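Take each chain as given, in its own frame, and dock them per the hints.
So the chains spell out like this:
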Amino acid sequence: MSRFVAIALTLAVAHIGSAQQTIAIDERLAAVAHLHIGDRVLLSSEPGGVRGDTFVVAAITRRGADPSEVARNAYRVRLHLGDLQRLLGAGDKVSRFAVASSNAPRTLAAINDVAFGFRAYPSAEIAVRTSKTFRVLRRFHWAIGVITIVASAIFLLCILLLKVDERRRDIAALRLMGVSRASVITMVVCEAALISLVGTGLGAIVGWIGSAIINWHYQGVYQTPLTFSLVTPGIIAFATVLSIVLGIGAGIAAATKLVRRPPLALLGR
Amino acid sequence: MRRRLAIASLTRRRARSLLAVLGVAVSGALLLDMVMLAGGMRDSFRQLLLVRGFQLRVAPKGTLPFDTQATIGQASEITATLRTNPDIVVVSPILGLKLHALKSNVTTVAIGMDGSVQADYELLSGSPVGARDRIVANQAFLDAAHTRVGDTIDVVAGYDTQLRTYTGRRRMAIVGLGRFFYTAAGESVIAVPLATLQAMGGPATADRVSLFMAKVRDGVDPDAVRQWIEQKLPRVSALSTGSALQQFDQRMGYFRQLAVILGSISLGVGFLLVTTLVTVSVNERIGEIAVMRAIGVSRHHVVEQIVLEGVALALAGTILGMGLGLITARAFNAILADFPGLPAAFQFFVFRPRDAYAAMSMLAAAGVLAGIYPAWRAASLPVADTLHGEAIA
Numbered sequence: 001m002s003r004f005v006a007i008a009l010t011l012a013v014a015h016i017g018s019a020q021q022t023i024a025i026d027e028r029l030a031a032v033a034h035l036h037i038g039d040r041v042l043l044s045s046e047p048g049g050v051r052g053d054t055f056v057v058a059a060i061t062r063r064g065a066d067p068s069e070v071a072r073n074a075y076r077v078r079l080h081l082g083d084l085q086r087l088l089g090a091g092d093k094v095s096r097f098a099v100a101s102s103n104a105p106r107t108l109a110a111i112n113d114v115a116f117g118f119r120a121y122p123s124a125e126i127a128v129r130t131s132k133t134f135r136v137l138r139r140f141h142w143a144i145g146v147i148t149i150v151a152s153a154i155f156l157l158c159i160l161l162l163k164v165d166e167r168r169r170d171i172a173a174l175r176l177m178g179v180s181r182a183s184v185i186t187m188v189v190c191e192a193a194l195i196s197l198v199g200t201g202l203g204a205i206v207g208w209i210g211s212a213i214i215n216w217h218y219q220g221v222y223q224t225p226l227t228f229s230l231v232t233p234g235i236i237a238f239a240t241v242l243s244i245v246l247g248i249g250a251g252i253a254a255a256t257k258l259v260r261r262p263p264l265a266l267l268g269r
Numbered sequence: 001m002r003r004r005l006a007i008a009s010l011t012r013r014r015a016r017s018l019l020a021v022l023g024v025a026v027s028g029a030l031l032l033d034m035v036m037l038a039g040g041m042r043d044s045f046r047q048l049l050l051v052r053g054f055q056l057r058v059a060p061k062g063t064l065p066f067d068t069q070a071t072i073g074q075a076s077e078i079t080a081t082l083r084t085n086p087d088i089v090v091v092s093p094i095l096g097l098k099l100h101a102l103k104s105n106v107t108t109v110a111i112g113m114d115g116s117v118q119a120d121y122e123l124l125s126g127s128p129v130g131a132r133d134r135i136v137a138n139q140a141f142l143d144a145a146h147t148r149v150g151d152t153i154d155v156v157a158g159y160d161t162q163l164r165t166y167t168g169r170r171r172m173a174i175v176g177l178g179r180f181f182y183t184a185a186g187e188s189v190i191a192v193p194l195a196t197l198q199a200m201g202g203p204a205t206a207d208r209v210s211l212f213m214a215k216v217r218d219g220v221d222p223d224a225v226r227q228w229i230e231q232k233l234p235r236v237s238a239l240s241t242g243s244a245l246q247q248f249d250q251r252m253g254y255f256r257q258l259a260v261i262l263g264s265i266s267l268g269v270g271f272l273l274v275t276t277l278v279t280v281s282v283n284e285r286i287g288e289i290a291v292m293r294a295i296g297v298s299r300h301h302v303v304e305q306i307v308l309e310g311v312a313l314a315l316a317g318t319i320l321g322m323g324l325g326l327i328t329a330r331a332f333n334a335i336l337a338d339f340p341g342l343p344a345a346f347q348f349f350v351f352r353p354r355d356a357y358a359a360m361s362m363l364a365a366a367g368v369l370a371g372i373y374p375a376w377r378a379a380s381l382p383v384a385d386t387l388h389g390e391a392i393a
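Residue numbers (my numbering), protein chains in the order written: chain A, 1 to 269; chain B, 1 to 393.
Bound-form chain B, shown alone (with noise of 0.2 Å):
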């Protein structure tokens, strides 16, 4: 009955209805993109940290991992120690380096790695990176080298563009194509024998990385271990997922700050229309109200009717909002992945669904709190008045 007379309430103004409707399922769309932005930005750089189970970067002392130009001398020293720990089961050294494809005339950026780990990519296609001069690159270096699986090229480091002069020069054969989780998108990457990388370099990078990825095992503490890296080894930083979350969180603050002011004005938006739509409604059937008193509708009944219109107003708009949002967070994911320096697999916008339960839950409360001060002032309506007053106007 109560539901009835609600709804009815509604249908009778439809225009109106469908209005307010409209201006919640924008608000909703809203909330629930802010929502997912404030947790799926974080989650998404977590996820990609964890990608390949790695739990720890070990970087130059006071830099982020592939921050700056530091690198780490003295590596394989550093890896037979960090090896010697129980708790950690595989270290993977990485250097990264400019090279340049000489026929081609690319600059690339180069990841010298253990072959045997495969941290920073995955295989597409091919064999992993191996002997000595054997290397995976991604779509991108392929596209601009003009070359393919199969194909060998010259590369060299350290390459000076006005004497044409470098450090080292090898020919290489493309073995693989990968995927390369934390290269932007566009941006040519190739994967190089570690060995071969540092030989290139000269001896500027002779037994130097840039920084160690580290697995540590099942069920122990990570901070645990990296405590006892920074004891260990005072040259580096080393850094785990939470302490890389703290820093992402440092560095992209400003999108979880943007997140919650434009989620808190859009939830604004939502309760002020809803509450402003059912307080005119009830304005307008305060005859009604009254005469419905006097036959002996209880107040809690009056309460419990205008209550439900306005959630019926902001439920009708969530569910509509809940897919606008989604196209929206769509379009707005499309915008930010032109953003420099990040990686392309990252997501500014991830849908999950304790967000939509979330931002439904946030506007149902709204709805229902949208409801209670008319609905409050229905109930205590003095009926006898009300009804002269409506009987003269």
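Looking at chain A on its own, in the form it has when it is part of the complex (with noise of 0.2 Å):
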């Protein structure tokens, strides 16, 4: 488990004094704590709230969709820096500062020349380096595809080529009316690639609604806005494409085969 990651603020529903300090909490801390906007709470930077000081809950918020937050199911308090400082005996100091700047390049760089004892980074690096969770996830769902590509590749070889087969009959009564091989192998490529078509079609269709659920549900269990599953135009044009490469090739490999055949040969004869 990872060391070190945040101070923890115990909380406790106060009913003493009169508070100033105000804070916000996010909804699923409020909603465990059954605490409202002007309740008045005992924050501690240690459990049991020995050495504590009193907020008056002032807003109550939604949590922002952070996928780096998302497993830990950690509750947020937000006070005022100064408030934290004081509570946690910290004095001047703070973990970190966010710069805005109309021109980052040149800020980071006059930043780091004089930097003492800290450094600066660009927004994007500190995204990739704080998303190391996500690049491996991603790994293994890439890699889970991959399996998954495969296993349904080769189920789709394996119907398409039996569909082509089941019509070796109605191939063998069309090369004895004098249609031509190539004729045949055009109908049959262009009925696989068609069935690859409506079955991609209808695999979108459920996959859409597939990632319907998916978001549905883990949006419930984490309370998150997050989207967990995205199905988008690229997903589906791969789908589609592979299906159709594979259906093309499974009817040209079943198609030729046949056609090499004597028709009566097809026939039993």
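Derived from the structure by calculation, the hints contain no laboratory data. These numbers were taken from a predicted model, which means no experiment stands behind them. Every clue listed holds true.
Covered by chain A, according to a simulated footprint, are these stretches of chain B (three or more residues, beta-carbon under 8 Å):
(1) 13 to 21
(2) 160 to 166
(3) 321 to 334
Some chain A residues flagged as far from chain B (calculated, every beta-carbon gap over 12 Å):
(4) Arg28
(5) Leu176
(6) Cys190
Between beta-carbon pairs, the in silico distance windows are:
(7) Gly150(B) / Val114(A): 39 to 47 Å
(8) Ala124(A) / Asp160(B): 23 to 31 Å
(9) Asp160(B) / Gly64(A): 26 to 34 Å
Glycine is no exception: its CB is placed at the ideal position from the N, C-alpha and C atoms.
Right, dumping it as structure tokens:
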């Protein structure tokens, strides 16, 4: 488990003193602790709340879509900086500064030129450094995706081969009627491509419904507006191209094999 | 006879059967991986928790061990209270702190512990943490600080990078090389005597610890002791292995759900593949089956032969899939080894024979079920009509 991650703030509903200091709490905490705007709470940096301070709940916030917080399921209390420094006995210290700049590279260079004991990073770099969990998960999902695609490809290939093979009598009849081999192959390939296309369309609908269920489920479990599953046009395009290519491949393989055989042999004579 | 007929039927269309076996193998591999993921991850975590036999963790109230920077005050008093319980045989107070090695400029996690217990690490060479300034380091620290066992280093606590100030400084001798159970791969860690680390941290860590680990006497229910601790010490939360596993399930539930969903899909794909193949194969042999029935072969015999075909396909695919699954599980483990914050010894995919049996049984059952519909269809063919139809065709 990650060590030294966050400062723990224990919270207890207080019924003492008149508080001027205000805090904002997230809606999950409000629901669990039955807190409302205007309630007074005792915040302490230590479990047990021996050395704490009383605050008034001034706002209830909704948790942002931050992937790094999803699995932690931690509650969040926002304090004014000075209040938190006092509460922690941290003096005039902060963990970090966020700087908005119209010329980020120049500001970054200027800060790092004079920095002593600290360093400035562009937000994009911090995002990369802190998103290792998701990079690992992304690689894992890709690996699973590859296996799933291989399994689906074999399944699709098998089904299409069977489908074409089932038409051996029809193909024999067509050949006996004088239809050329090329026409038979084209017909079978078109049929296989059409089946793949219709199958992909149905699959996309099932996938979209599945994706909606996944989002609904996990957004409820983790109480976050984060989108867990996305069906993008790119993914649909990839699935369509893959299934059509496999369909055409299977169609060509099966049709070529069938038209090479004499029509009467296909009929079992 | 039935077996031979089933095999002959499958080998008649070799390419098709091979493709089906391959499809079942890939599905089987994914199914095995998902069964391994669903149970193995939990087992691995359980083994890690019990690696030194400590069944209880005591953390600051409302927190999980080392999940926050919160510490427990009056640690010696709590240690004494815990030792009054005759069911607790060993108590190991542990403090976590960041230390900074001055010369090498390396910041490391320091675990302050009772030298006689070694709850957090296994000594690989040298001596254990003992006297005041004798420490044990892991290989990652030795590499990062360019030191080795026997060297002496200057370390400071509460290091302020701007002002170059610190709360405590010590010259310490690295007396041993250890493997720490709960640290991530590549994370540098040193084990320091608890009293030394508490003194280095200044007033903020005086008589404070991050957690206590407790070993319960054999035959005693750890949950009963956990309840006793929480009753006796209201400032702490006690966690037994069972409750820790519950917390773990909550945090890592995603992987279990993923395993269930993907496992079900792969089982479904395997089932559909075998069903389709056996159904088509039966449709192609309708005449043949009708002839068998006409010459007196029983319905039971026909059903058995067709079900056997499904089982044979599923079994061949399963056996191939087991090998494939073990290879892919290793690859998945390698990918997830980089998962931040998890101990290096933690494994997501753990092979247990019962997982292999479970996956094999599920696929074999899918094979049997897959054969039942086409077998029933073949067995209930009207013999005379079918033969007539085949003759006209």
